[in-house]
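*Asks:* Residue-level listing of the chains:
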Amino acid sequence: MVIGVGNSYRGDDAAGREVARRVQERVPDELEVVVCGLEPTRLIDAWEGADAAIVVDAVSSEAEPGTVHRFDVTSEALPSREFRSSTHALGIGETIELARAIGRLPARIVVFGIEGEVFGSGTELSGPAQEGVERAVELVLEEAGCTSRH
Amino acid sequence: MSTPTRRTIKTDYLARVEGEGAMSVRIVDGRVDEVELRIFEPPRFFEALLRGRSFLEAPDITSRICGICPVAYQMSSINAMEDLCGVEVSEPIRILRRLLYCGEWIESHALHVYMLHAPDFLGYAGAVEMAREHADVVQRGLSLKKTGNELMIVIGGREIHPVNVKVGGFYRAPRKRELRELVEPLERAREAALETVRWTAGFEFPERAVECELVSLAEQGAYAIESGRVVSDRGLDVGVEDYDGHFFEEHVERSNALHSRRADGVTYLCGPLARYALSADRLSPLAREVAGEVGLEVPCRDAFRSIVVRSVELVYACDEALRLIGEYEEPDAPAAEVEPRAGVGHGATEAPRGLLYHRYELDADGTILDAKIVPPTSQNQLAIEEDLRQVVDRYHELTDDDLRHVCEQAIRNFDPCISCATHFLDLKIVRE
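Chains as they are written, first to last, in the working numbering: chain A, 48 to 197; chain B, 76 to 507.
Chain B with its partners taken away, still in its complex shape (with noise of 0.2 Å):
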């Protein structure tokens, strides 16, 4: 009988991911046998931390929660206590949550494909070594992530944690002039991303598929950001009040994460595929049109090409952004006025890595009894998972540095913000 070859693979600090995690593979005689996320950072309290607080806090307490993405923190948060309150807001409210969040999906995207993301297809260690090779690629980046950062400083007062957020609207309306010297840097972004995504199809791809259900909100007439229902490509459409009924969570041992699955056990996607697939058709006809140009089909279930969908998201939001600068009236008032109301309330925006549900339950004073927050990547876990899976099967003949380098990447094509999923990466390969 002959002894099985195992092997592991195994890295301790995943880089170029948000926070703290790791990955362990083991393969026995050439298959795989257990692929493994652990995630390390402490748990993160915060829903606890929210019981007994005013509902008036949440937006500002959850944006603590991710320095990448605030803004989705702030506007779940936000769109739950307004669910609960009934509480409508002005067409010029809608438009600037709209925009500071087009901001955060440029600041974001811009430094994932960028920073931690490209430096993968074109085999640089990082961004810094990226850029001792591709100086111009870098600055257009960093650019970008620029014009990201003053739309946040002008609508949300600061690029990060912004402090002009409210439950029912803002404390100050920018004005429209101020708005007005948005328009040069983001019509310079947008040529920036559209040379981004002709840049990003350029990359070498593996030709993978991933096989689970993708879930995103969606709306009619716009690409979801801010609002939406709860879609998926296998026929799931429902409102954000039934998420709970749809999804639910687990604790794993290995992680400090709770693990989510649709309630029938599926594993699901969400995030920049998820969203392409389902409402490729209600992006701007510019970042359709690019889209086409280079080729990338709808949808997209190679999550390598994950990259080149962030790119034409780039596209959509300088365009967004554009359009609602040019459609934007200064209000009579910043901010609805909001009188709380004892119940449940239920919030979901698209995060830049994917869909963010909120759920409170508050007393009539407004006091915050209960809180759950489900952020993209702990809905995204299992799928990782179950990706990096025949990823391995895949490559399992790569040397253990090379296995290793295409596990990391496979994990990077998700974006996960190990940060917020905690309630994660190290990387380990056994071949036994």
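In isolation and in its complexed conformation, chain A is listed as follows (with noise of 0.2 Å):
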């Protein structure tokens, strides 16, 4: 399954969201897609039971604008460099560790971490996070091992 995290009301927050809806609509039938604030009990709800899940968020660290990171943490903990903003309390990196100390996590989790520019207000994706939505639909499509890419 896919989860697409961010805030459609924060500029390129909403990335995370973006690549999931797309991802929906080239292969509406093969996964399921769900889309969330970064709530946790949300999150570990999303995501169970599911063998295996692709997690997209947008993310701030000092990679160009655009970039795509992408982050196995079936077996350890994602780097909290990329991933500190959360609304309250716990992040996206602390709600992986919090489901896995609790046997919540599934057997397989991916993340991908869509380098953003502008998280200021509005509905609008900057030219750098669009280009990295683009990117990250194809490397999504790719670690789900879709068929019907095209």
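Don't take every hint at face value.
[As the list claims (entries may be wrong)] If you want a taste of the chain A side facing chain B, the calculated C-beta under 7 Å gives, among others:
1) Asp76
2) Thr88
3) Glu144
4) Leu145
5) Ala148
6) Ile149
[Stated by the list, open to error] No more than 25 Å apart at the CA atoms, straight line, and that leaves these computed lysine to any residue pairs for SDA-like:
7) B/Lys241 - A/Ser55
8) B/Lys447 - B/Val373
9) B/Lys241 - A/Asp119
10) B/Lys241 - A/Asn54
11) B/Lys241 - A/Ser168
These aren't lab readings, by the way, just hints derived from the structure by calculation.
No residue lacks a Cβ here, since even glycine has one placed at the ideal position from N, Cα and C.
Dock chain one against chain two, each of which comes alone in its own frame, and use the hints as you go.
*Replies:* Next up, the structure:
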């Protein structure tokens, strides 16, 4: 399954949601796709029962905007430098570790992070983030082993 | 002449509190010289941002001050507007408001008790470390929080920053059957909350007492949540419209938050300890019974035991939500008509962390001319500093690391919401 995380009203923060939306458009019958805000219990419930999950979120590290990072968190924690921002208390990295600790993490889990540029108010993605979204869609489909990629 | 021994203990970023702040403690010759909470999150100009906006926008704008207690901001602003405009809402709307607020209490208290505060008592760095050895306990906390979220979704439209709330009522009133679907999860949550009280009451407590005045809202016949009079354990009993005559705020240079005092200069505390001290007799029989079972006295002045009080309030919030669902009848209209009036309106509610006061001045067409918002954490800041001073006095012989840990725990006892207060934490202990 694919989970797109982010806030559609904070510019490039919506990149993860946009990837999920496009993946669903491309392979409507092959993958279960969910979009949600970063609320820990929501995220843990979202991947409940899935053997494998791909989580897509926007990141803000020092990389070039539009860069797509891939982290296999099946057996190791997410680097906290890229994923710091959460609305409150638990970020995506902590949520993954919490789920791992209580045995509610899918057997396989990969996180894609799209480097954002603008995280201000607004519903538009920046140019680099849009390019990042396009690349991330292909990478997610490849990761999921989808056949009908075009 | 001997050289004084100086110690400085400092925490630059206090973890497991909401927002950013720092704490510094200076100890000279084993005695506390100075305790400071510094708040360096940028001041929040919400009060100024509200000027010139419509009175109808206040609930949605102010809810953005906090992602943990948005309902508190919505309800305090609504109370102020309806107070001024002379609006009476129907019983179903009153029920829905209290029910939504119960959802926020469950969500916020479950988060604080399980994820932020319990690791202190059990000796873990955080919730993730605690979860590795207590998976079932953390799972119980997550389930409780989820039930709070579900209540918020059904009534508020989503779990954070509800979109269904307006001055006068709601955009859409839920159907009875939608609320009935919450009964089973709430009954499970109530059982989990009872387990939470028994679990937290078994922690070790250092047996201390806060000495300041305790202030909360109080209502006849109900544990105050979304309305009430402002009362204290020293005899204060005034309407919300008189709040400004009894409390004042001052700016302190080190902090971006205003500090509140009683008008006579006395430090006071609001939040779970104050509510429980002033209204424990109005809790539901089940909540009172479990509090009695674990020996939680009334009043409880031990800030470390606030985790037990919060747990009892979790039982109450689940119990009360079930009662409210049982009484709910679908309203004819989801909201009352509201016509703006020129003047000043006052509103206060009990946010999970304590009393939240709003005051607005409107012109005749409903434009906000002036706004004042006093969140619980800024009201509690002086009490937190006073309490820290006593904690350091008692534990100054500990090593710096251990003392830092006790101080951080002492701050978390008050569940400070620094994002709300700025208009906060790193901990520094100086020994001289």
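*Asks:* Against this structure, judge whether each hint is valid.
*Replies:* Verification of the supplied hints:
Below 7 Å, beta-carbon pairs count as interface contacts, and A/Asp76 has none with chain B, the closest being about 28 Å; its hint is therefore violated. Here the hint on A/Thr88 is kept, as its CB sits about 4 Å from the closest CB of chain B, short of 7 Å. Look at A/Glu144: its Cβ gets to within about 4 Å of chain B, closer than 7 Å, so that hint holds up. A hinted interface residue such as A/Leu145 counts as satisfied when its beta carbon comes closer than 7 Å to some beta carbon of chain B; here the least separation is about 5 Å, so the hint holds.
At about 4 Å, the closest approach between the beta carbon of A/Ala148 and any beta carbon in chain B falls short of 7 Å, and the interface hint on this residue holds. With a cut of 7 Å, the hint placing A/Ile149 at the interface with chain B holds, because the nearest CB-to-CB distance is about 4 Å. Using a Cα cut-off of 25 Å, the hinted pair B/Lys241 and A/Ser55 holds, with the two alpha carbons roughly 23 Å apart. Restraint check for B/Lys447 and B/Val373: not satisfied, since their Cα atoms lie roughly 33 Å apart, outside the 25 Å limit.
Taking the CA atoms of B/Lys241 and A/Asp119, the gap is near 44 Å; set against the 25 Å cutoff, the hint is violated. Proposed proximity of B/Lys241 and A/Asn54 is supported: the alpha carbons are some 23 Å apart, at most 25 Å. Note on B/Lys241 and A/Ser168: the hinted pairing holds, with a Cα-Cα distance of about 23 Å set against a maximum of 25 Å.
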